[in-house]
Amino acid sequence: MVSVDLLKNLRALDRSEKLHVLQVLVSELAQEEQESLRAGMSYPIWSPYDAHEAAETMLKLLKLPETKSGQR
Amino acid sequence: MANAERYPYSPVNSALGEAGLQPYLPITLLNGSHSLTAAGLLDSGATVNVLPYQIGIDLGAVWEQQKTVLQLSGNLAQLEARAMLVTVVVGQFTPARLAFAWTKSTQVPVILGQVNFFMEFDVCFYRSQLAFDVRPKGTS
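Chains A and B are the protein sequences, given in the same order. Count the first sequence with numbering that gives the first Met the number 0 and you get residues 0 to 71, in order. Count the second sequence with numbering that gives the first Met the number 0 and you get residues 0 to 139, in order.
Be careful, since some hints might not be right.
[To be verified] With a Cα cut of at most 25 Å, we get these calculated PhoX-like pairs of lysine-lysine: (1) A:Lys17 to A:Lys7; (2) B:Lys136 to A:Lys17; (3) B:Lys66 to A:Lys17; (4) B:Lys66 to A:Lys62.
Source of the hints: derived by calculation from the structure; they are not laboratory data. Keep in mind that this is a model prediction, so the values were computed, not measured.
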């Protein structure tokens, strides 16, 4: 909720100051819109779910005797 | 959670506010004489741990010497991945030996998944408090 004091202070500004505040807010809103999640856009999900064969292979490796530098 | 270390959620996108906070765990990766610090994303939906290409290189690994080829899924399915064993230090706990799927991707974060980070560490998420607890398995 916008505070009464804030509105009062904004209304007290002269025309050029109001325009400046407006420009700053519009610019920030545009920037946020670019960075926010938007409908219709696709975003990468890196999570390798259901990679069960890879998991099984890695578990087998872990059971082998330790080697230098993690080389397999 | 008893005997656990508590960590805060980390901001990854300030424009998203609280939705842009994710559970990144500070870790130290050790491979032979190489070591580096990183932040690993605690991803309980990930089947495996994932290591981005550049971090493997920085750890002194040589792609051609990692002979075990892995097939990943999701967005990582199209990229080559190879198995790599790395020692990982979490906080003050005893170092753990973790297996990573070392991917050719440079975009992916370090992912800590079910095999085998969550097999070695118990994790409790307190999303409403923007914190999570971590402790080694078998600790009570």
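Now for the hints, and whether the structure bears them out:
With a CA separation close to 12 Å, the supplied pair A:Lys17 and A:Lys7 stays within the 25 Å bound. Between B:Lys136 and A:Lys17 the CA atoms are separated by roughly 59 Å; this puts the pair beyond 25 Å, and the hint is violated. Note on B:Lys66 and A:Lys17: the hinted pairing is violated, with a Cα-Cα distance of about 65 Å set against a maximum of 25 Å. A hinted pair counts as satisfied when its Cα atoms are at most 25 Å apart, and B:Lys66 with A:Lys62 qualifies at roughly 16 Å.
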